[in-house]
Amino acid sequence: MKSFHDLAELTTEEITELLALANRLDKHPEPEALRGKVLSLLFLSPSLRTLTSFQAAMTRLGGGSFVVSPEMSIHGLETRPGIVMDGAAAEHIREAVPVIASYGDAIGIRAFAQRSDLEHDVADQEFAELVDLVDKPWINMESAMQHPCQNLADWKTLDDYDVPANGGKFVLSWAYHPKALPLAVPSSTLYTAARRGMDVTVLRPEGFELPESVMQKASAAAEAAGGSVKESDDRVEAMEGAHIIYAKSWSSTKHYGDKIKDKEARDELVDWCVDEPWFDNARQDCRFMHCLPVRRGVVVAENILDGPRSIVIHEARNRMLAQMAVLHRMMGAS
Amino acid sequence: MKSFHDLAELTTEEITELLALANRLDKHPEPEALRGKVLSLLFLSPSLRTLTSFQAAMTRLGGGSFVVSPEMSIHGLETRPGIVMDGAAAEHIREAVPVIASYGDAIGIRAFAQRSDLEHDVADQEFAELVDLVDKPWINMESAMQHPCQNLADWKTLDDYDVPANGGKFVLSWAYHPKALPLAVPSSTLYTAARRGMDVTVLRPEGFELPESVMQKASAAAEAAGGSVKESDDRVEAMEGAHIIYAKSWSSTKHYGDKIKDKEARDELVDWCVDEPWFDNARQDCRFMHCLPVRRGVVVAENILDGPRSIVIHEARNRMLAQMAVLHRMMGAS
Amino acid sequence: MKSFHDLAELTTEEITELLALANRLDKHPEPEALRGKVLSLLFLSPSLRTLTSFQAAMTRLGGGSFVVSPEMSIHGLETRPGIVMDGAAAEHIREAVPVIASYGDAIGIRAFAQRSDLEHDVADQEFAELVDLVDKPWINMESAMQHPCQNLADWKTLDDYDVPANGGKFVLSWAYHPKALPLAVPSSTLYTAARRGMDVTVLRPEGFELPESVMQKASAAAEAAGGSVKESDDRVEAMEGAHIIYAKSWSSTKHYGDKIKDKEARDELVDWCVDEPWFDNARQDCRFMHCLPVRRGVVVAENILDGPRSIVIHEARNRMLAQMAVLHRMMGAS
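Protein chains in written order, with our numbering: chain A, 1 to 334; chain B, 335 to 668; chain C, 669 to 1002.
These are computed hints drawn from the structure, not numbers from a lab. Just to be clear, a hint being listed does not mean it is correct.
Cut-off 35 Å, straight-line C-alpha distance, at most; resulting in silico cross-link-like pairs (DSBU-like, lysine-lysine) [unchecked claim]: (1) B:K361 with C:K670; (2) C:K804 with B:K361; (3) C:K695 with A:K27; (4) C:K931 with C:K898; (5) A:K2 with C:K695; (6) C:K695 with A:K136; (7) A:K27 with B:K336.
All chains, full assembly: derive it from the sequences and hints.
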C-alpha cells in the first residue's frame, strides 16, 4: 500500500480487508507490529482527532510519530512556487516536505482547501503537488477534496451499527455554520455511502449543491454497488425512512470564494440545525453522525448530540482503528 | 485502580504500596510493562513538570502518550454547558474529552480553578464534570483543589530524606508572589503531611487562612495518623524545631476573586520570602521544599534555593517515579 | 560518551566509529537498543530538522523523547542569573534544566547566540552555563558556536558522495540573507571540513571574516590532517576545482551586534546568491550543500537547489542517522 488518498483507488475487497484488520487490531492488539517504525505527521491545517488518533495508533502498534504543525517554533513555511524568499518565511515546503518524509517510514499530510476558486479546489492540485515531493508511502489526512481516514472510519461505524449496505438509507445533510467550510468531508462522505451501496440523499439548500463531478462520481459508484444518489432541498422527503443522518456544513458552491455572498446565503439558513422534528418520518432508530468538531446548538441541537441517536464518539474512536489498519498495511508485514 | 484524584481515597496500605512500586521501578526498569498502551494527556492549564514527567513515565514503561493543550492548533475548546456555539470555539469539551479518552487506555486531565468564587472552587465541581465525561481510568493532573501526583511525590520525598512521620514537623508556609495563585497545592499538601502523621503548622498571614473544610479534613487525617494540625502567623513559633518548610503562595481567601483587594493584601507581604533567618530555630538540617515553578528572590531567597537545604529537584524527579507507579497500577498487570 | 559538543573533543577514530555505527543502524535497525530510554529535548531557539530527527531517532532505537520549547504553554523561562523574579517569567532555567534533565537518560539543548557581543558569543559561555546544570549525558543541539550534529551529518554526507578527504576541495561560502545569522554553522563546518583533511576555502566578502580563533583552530586541524585552510573574497579563485560548495549566511563580524550597519553591509551583497555561473571553473560534479532552512532565490538559485548538484535532502536525512549513532553510544550498550 503506497498511498491512502481516496477510497475510489481501493477495490471493495481491499476496503473489506482493511475493516477486518481494524476490528482484529481492536480485539487483538499487536504492540510489536511496527516496532521502531516512524510516522511523520505534517499538519498545514488545524487538527484534534487526526493529530491524536494517529499518535495513539502508532504507539499501539509499537512505533512512534512526530508532529510538524504551523504553530510550532519553526521559521515559517513558504508554499508558493518560484518565489524569491526575502520575506518572513525562511523555509520552503520543497525542502521541508522531503526532509520530514525522510525521517519517517510513511508520512501523513493535511492541507485544507484555499477556498477561493471552486474548480481549482475540486482538482485537489495543491495536495498532489505536496505528495509529489514525497518518496515514501503517504496518507491524506484531509486535502481540499478528500478525507479517506474519516471515510474508512465512517464505513466501519455503519458496519458496527448494522446499517444495511444495499437498502440502507443515508442522508447527507447540509447544516448551518457561522463559517464557510471546505468540501472535503461532504464530497468524500457522499462517495463513501454511495460506494457502500446505500441509497443516499444529499439534503441541501439551493446554492449549496455539491460540484457536478462529485455528484457524478458518487452516482457511478452507487450504481455499481446497487445503491442510488439523489439530491433534495426538502427535509421531510429526504428523511423518509432514513437509517442515518450525517450532518455537515460546507461553503456555498454558487458563491464559492465570495465571502460576503457566502455569508449572506448562510445567514438565511440558521434553521438548518438538526433537531428531533427532523426525525419525524425517519426510522425510529435513525442515528446521527458527524465528523466533529461540531457546534452545539448551531449544527445540531444539544438533545440530539447528547441523546441515544448520536454515535459521534464511537465514530471518532473508529478513526484510530481505521488508521491502525492503514498503517499496519502500509508499514507492517500484513 | 480506576482513578487517582485525592490521597484521601486511598488506604494507607495502598499509598505505601504505590511508593514501594515507585522505588522498585526506579531501581528495576520495566520497559515492557505498558507495551503498546496509550496515555491521553489533556491540559486545560499550563504545565512543565506534569507534561514532561508523564511523557517520560509512559516511555519508561514501554507505552506512549499524546498531549492536547490550549495553545495547539485546534479549533478552540468551549467549556460552558448549554451554550449555542456561534462564537470562536468550534469544539465543546463534551465531545473533545470522551474522544481524547477513547484513544487512550487512561487519561490525565488538568484544569485549574477559576478563582472567582471560593465555595465553588472548594467544591471542585468543574473537574468532577470533566471526568464524568470519561469512561476510562483517569488521573487528576491538578484541579481546583487537588494535585495528587504532587502529593504522592512529596510523600516519597519525605521518605527519601528520612523525615519522620510521627514526630516530624512540617511547616506549610505561605509566600509572597506577584500573582494570586490557586489553592490546590497548599490544600492537598496540608492533607498529605497530616495524613502521613506529621505535626503540621500552616504558617500564613491574616486573610490567607485555608478554607475551614480543608483544615478540618487535614485535622481529622492527622488525628487518625498520630499527628496534628495547627495554624499560625508567627514565623518564629511556627519554625521551632521544623524538619521541613514547604513554601507556596496562594490567593487571599478573605478577598477571594477580588483581584484588586487580593493584590493589595499581597503587596503588604513582600517580606514573606523564605530566607536563612527563617531557619534560626528550625532543626539544623531543616529542608526546603516547593512544587515548582518557583520565583527566585520572591518566594525564596536564591541562597536557600541553591543551597543544601533545597531538595526541590529531587522532589520534582519524584513526580515521574510516583506517576510511573500510578500508571503501572492503573494500566499494567500489577 | 558523556557529552557531544564539538568534534574537536573526539579522536578521529571515535568519529570514524560513529559514522560506521550510523551506517550500520541505517542498514540494520535496532529497535530494541534504547528500549524504555528517554531523551529530554530542550529548545530555547527554533528548530525543524533537529526537533523532528531526534524524535524519529529515539523511536527507531526503541526509546522515546519529550520536547520543551518556548512556544509551549509553560510559565515563561527566565535565563538571567541573580534576578528577582517579579516579572512575567515564573520559572528559572536553574530549576527547569535540572528538572527536565532528571526525567531523561540524556538531554539535548539548543540555545542560539545572543549576537550582541562577538567575544562573548565566541566564548560560547551561555551554553556552558546551561550544561553545568545537567548531571546527565548531554548533546549540543546548536549553541552560539557549535552544531556538532550538523557537523557529523555533513562528514557522513561527504563520505556518502565519495568526496576525497585529502585532496578534496571544500568551499564554505557566505551568502546573502535578509537577516543577520549566527556563526555556529559556518565556524563548526569550517572546522569539520578542515579536520577531515580537505583543502578548505572560506569565501566571504570583506567585513564577514570568521573570528581569528575560529580560523586558527581550523588551520591547526587541517595541518594535522593533511589539509589546508585559506580565505578569499574572489569567487572565481575560490571555486577553482571545488568538489563542494557549502553555502551559509552569517552576521558581519566587523559590525557584529550593530543591526543597522550589519544590514547596510549585507544589503550591498544581494548578488551573493549561489547560481550556475559560480560553478564555471569548479569540478563538473561539484555539489551544493546547505544545513537548511535555505531561502530560495536569495541564498541559492532555485535551479541549483532543485538540480542534480544539490544534496541537501540527503544531508538533512543524515542528521537523523548521525544522531542515532550518538544516542546509541551515549545511552546504549555500544
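Consistency of the hints with the structure:
| no. | hint | verdict |
| --- | --- | --- |
| 1 | B:K361 with C:K670 | 21 Å, holds |
| 2 | C:K804 with B:K361 | 17 Å, holds |
| 3 | C:K695 with A:K27 | 34 Å, holds |
| 4 | C:K931 with C:K898 | 26 Å, holds |
| 5 | A:K2 with C:K695 | 21 Å, holds |
| 6 | C:K695 with A:K136 | 17 Å, holds |
| 7 | A:K27 with B:K336 | 21 Å, holds |
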